[in-house]
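K.L.:
What follows is each chain in one-letter form.
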Amino acid sequence: MLDALILSRIQFAANITFHILFPTISIALAWALLYFKIKFNKTGDSEWSEAYQFWVKIFALTFALGVVSGITMSFQFGTNWPGYMQTVGNIAGPLLGYEVLSAFFLEATFLGIMLFGAKRVSQRAHTVATFLVAFGTSLSAFWIIVLDSWMQTPQGFEMINGQAHATNWIEIVFNPSMPYRLFHMMTASFLTVTFLIAGISAYRYLRGINPVGSRALIKLAMTVAVVLAPLQIVLGDMHGLNTLEYQPAKVAAMEGIWQTTKGADAVLFAIPDEATQSNQYEVAVPKLASLYLTHSLDGEVQGLDAFPDTHPPVKPVFFAFRIMVGVGLLMLLTAFVGFYLVRKKQELPRWLLQALSVMSFSGWVGVVAGWYVTEVGRQPFLVTGILKTADAVTKLPTNMILGTLVMYLALYLGLIASYIWVVFYLARQSGPVNATDDARPNLVNRPIGA
Amino acid sequence: MIPNLLEPAGWLPLFFLVAMGIAMVAYVVLDGYDLGVGILLNQATDQEKDIMISSIGPFWDANETWLVLGVGALLIAFPMAHGIILTELYLPVGIMLAGLILRGVSFDFRAKAHLSQKSIWNFLFFFGSFLAAAAQGVMVGREVIGFDSGGLGWVFAFIVALCLPAGYALLGAGWLIMKTSGALQRKAVAWARKCLWLTALGVGIISVATPFFSAEIAAKWFSFPNIFFLLPFPVLSLACFVLIDLNLAKMQRDKPAPIWLPFALSVAIFVLAFLGIAYSMFPYIVVGKMTIWEAASATDSLWMIFWGAIVVLPTIIGYTIYSYKIFWGKTEPLSYY
Chain A
1 MLDALILSRI QFAANITFHI LFPTISIALA WALLYFKIKF NKTGDSEWSE AYQFWVKIFA
61 LTFALGVVSG ITMSFQFGTN WPGYMQTVGN IAGPLLGYEV LSAFFLEATF LGIMLFGAKR
121 VSQRAHTVAT FLVAFGTSLS AFWIIVLDSW MQTPQGFEMI NGQAHATNWI EIVFNPSMPY
181 RLFHMMTASF LTVTFLIAGI SAYRYLRGIN PVGSRALIKL AMTVAVVLAP LQIVLGDMHG
241 LNTLEYQPAK VAAMEGIWQT TKGADAVLFA IPDEATQSNQ YEVAVPKLAS LYLTHSLDGE
301 VQGLDAFPDT HPPVKPVFFA FRIMVGVGLL MLLTAFVGFY LVRKKQELPR WLLQALSVMS
361 FSGWVGVVAG WYVTEVGRQP FLVTGILKTA DAVTKLPTNM ILGTLVMYLA LYLGLIASYI
421 WVVFYLARQS GPVNATDDAR PNLVNRPIGA
Chain B
451 MIPNLLEPAG WLPLFFLVAM GIAMVAYVVL DGYDLGVGIL LNQATDQEKD IMISSIGPFW
511 DANETWLVLG VGALLIAFPM AHGIILTELY LPVGIMLAGL ILRGVSFDFR AKAHLSQKSI
571 WNFLFFFGSF LAAAAQGVMV GREVIGFDSG GLGWVFAFIV ALCLPAGYAL LGAGWLIMKT
631 SGALQRKAVA WARKCLWLTA LGVGIISVAT PFFSAEIAAK WFSFPNIFFL LPFPVLSLAC
691 FVLIDLNLAK MQRDKPAPIW LPFALSVAIF VLAFLGIAYS MFPYIVVGKM TIWEAASATD
751 SLWMIFWGAI VVLPTIIGYT IYSYKIFWGK TEPLSYY
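Those sequence lines, one after another, are chains A and B. The first sequence runs 1 to 450 under the working numbering. The second sequence runs 451 to 787 under the working numbering.
Mixed in with the good hints there might be a few duds.
Here are the computed lysine-lysine pairs in the DSSO-like style, where the Cα-Cα straight-line distance is at most 27 Å [to be verified]:
1) B:780 x A:119
2) B:775 x A:119
3) A:39 x A:395
Simulated from the structure, these hints should not be mistaken for lab results.
Please take these sequences and the hints and turn them into a complete structure.
P.N.:
Structure representation (structure tokens):
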């Protein structure tokens with residue numbers, strides 16, 4: 001039955017899923033643009049200015065989508081989850097406040113100068129504006145990850161009359177899961193952008209558009225990927241061990257471990273079944289889970305049975321975890337092969353270029369799956385141990401929520417399709433990139449295909 | 451009802467009310483002009499559309515951020531009211547957000563997608579701007595009468611929903627008079643004159659309706675000697691309307707007239723209307739139901755954000771002015787480099 005709770009959860013999940021796609025790209029792409037800009041300032045190579053000019057357009061589009069979907073989020077706390085601010089508003093409020101004050105205005109204001117001010121300010125001021133946009137997007141990520149991590153592993157507060165009151169802001173900001181989540185997410189953003197740049201450049205290379213520049217970007221991307229992909233796996237493992245310490249039920253769901261056991265198996269694949277509290281069609285490696293979770297073959301791992309009423313739904317967490325890891329391993333493999341080939345061979349093999357194009361948006365899949373693991377894995381709590389999701393939801397009639405949900409879903413699906421379509425459309429444009437945003441009519445006079 | 455204002459628990463909520471008010475006024479004026487340009491977009495030729503969009507290109511992102519700060523201040527400082535207000539305004543908020551999403555993305559898509567699709571994105575930019583403005587009109591209409599559930603309350607909200615887009619279009623036309631020249635500027639003068647009277651209707655109807663729906667508010671305005679001190683509000687507003695009209699008429703007759711005057715006086719109208727509404731509602735945040743002190747966060751949390759706010763807000767205002775200075779003068783086509 002669709003009630004206000006499940007509809008609000010679907011709606012929030014739809015909003016936050018749609019939203020995270022764009023910051024994931026803009027956080028790291030802003031730094032990539034700064035890199036292109038500084039490289040050009042130093043070397044004067046047109047390669048770097050062309051890279052900047054092409055990617056800044058994609059950045060502008062991405063940033064706009066991130067801003068408008070972010071505004072939606074700030075309202076939905078109130079429209080759908082009034083109990084959230086009423087219970088933990090004293091802590092969530094200032095954290096969100098600092099995000100808006102320190103980051104949002106910085107990035108939004110200097111974005112105008114970064115995008116359209118190059119001719120109106122000095123080169124140095126323009127580089128500084130580019131830096132401030134990059135810094136602002138990362139700062140915004142920092143604050144929002146602080147808040148999310150506090151909801152996962154809260155500390156530094158006391159409950160008075162059912163409301164959380166801050167006792168130590170340092171403890172709140174530097175809560176146990178924050179550093180792991182922050183570095184895992186920032187690396188995810190950089191990996192996503194690395195593969196986006198590699199994929200779109202491969203797509204352009206295949207079509208013979210700016211082959212020298214495209215090849216240089218593929219090389220740069222693979223060089224970064226060969227460092228980041230293994231690093232991300234190490235960071236993910238550290239994040240997982242931190243979760244085991246503070247949110248063992250989430251790890252039990254990720255691993256599909258139903259009974260507390262010594263020498264637990266690592267489940268590679270299975271279909272978890274809540275009704276029978278067991279896995280079907282299980283493929284597992286004996287004792288491996290104990291080894292990597294406890295660093296001992298016979299270490300005890302808590303199963304879902306240790307958390308009878310407070311463990312998350314197993315299936316979504318279990319499968320999302322496998323999708324995330326799968327994308328990570330695929331990126332690792334591609335990074336090594338790509339790095340090797342781009343160094344050894346002058347002519348890049350077609351299959352590699354095609355594989356990279358297909359993987360242009362693979363980072364999105366990994367990031368969304370990863371967030372599903374951590375956010376669904378927090379259930380049934382909204383704030384671990386303090387507030388259950390069911391207790392924070394609005395009491396609005398379901399029809400009203402269903403109406404807005406359908407509207408948002410239609411809007412989001414249309415916009416994601418348009419976004420991907422436009423990115424590839426821009427990638428197909430050859431020659432010097434059109435400088436003016438609104439001088440498109442000039443294109444009509446050019447030969448077809450120009 | 452009003453606690454000791456010398457205590458932090460007394461004055462901190464008041465500080466945040468003022469901060470929220472500044473953010474809301476900044477939002478209404480700043481995003482108001484760029485929403486207004488969007489609302490007027492359909493009246494222009496294709497070439498003029500490009501100029502109109504260029505005139506707001508470097509600013510709209512930051513303008514919209516004031517909305518996040520406004521709702522953020524509500525969320526941070528008055529979490530108890532945040533839930534109540536946004537639950538009451540669920541549908542108009544949803545529609546406003548859809549409108550803001552549509553126009554925000556159309557701004558970029560229209561210039562980057564294939565030329566054949568440009569007219570669709572132009573239309574969506576207009577449609578999204580209008581939708582967001584109208585939804586905000588409903589929100590204002592509902593909020594100032596304390597979410598009165600009668601039919602008359604809804605009629606009132608829908609009248610405001612038509613007048614607020616006109617008010618934004620007035621700001622937008624005033625903006626275009628400053629930022630453009632030639633045929634487009636002449637058109638903007640004509641648009642401004644049309645919007646002016648619909649805006650006046652909106653301001654008038656809010657002024658009449660708010661005391662009508664609440665005896666308490668009526669008493670605040672019409673008792674003696676209050677009415678004497680409050681007289682400047684309607685008088686100044688009326689003067690602004692008349693001055694704008696005279697100024698626009700001069701422009702239409704090609705007589706020299708200051709081009710910044712229609713915009714500046716439209717801003718003054720919005721500020722006066724806002725102050726009037728603020729006076730009506732104070733000290734309530736939900737009319738007749740919840741005061742700002744009942745809705746406020748814990749004093750510790752307000753302190754935490756207070757220090758940040760007094761350092762950062764002036765900085766924001768500083769670099770916002772810097773950005774406007776960089777793009778000062780008549781609009782040029784948007785260029786990435």
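K.L.:
Between residue 780 (chain B) and residue 119 (chain A), is the straight-line Cα distance small enough, at 27 Å or below?
P.N.:
Holds - the C-alpha atoms of residue 119 (chain A) and residue 780 (chain B) are around 15 Å apart, at most 27 Å.
K.L.:
Residue 39 (chain A) and residue 395 (chain A): Cα distance at most 27 Å?
P.N.:
Cα-Cα ~55 Å, so violated.
K.L.:
Can the restraint linking residue 775 (chain B) and residue 119 (chain A) be considered satisfied, given a maximum Cα separation of 27 Å?
P.N.:
Roughly 14 Å separates the two Cα atoms, so the pair holds.
Checked against the numbered hints listed earlier, the structure breaks hint 3 alone; every other hint is satisfied.
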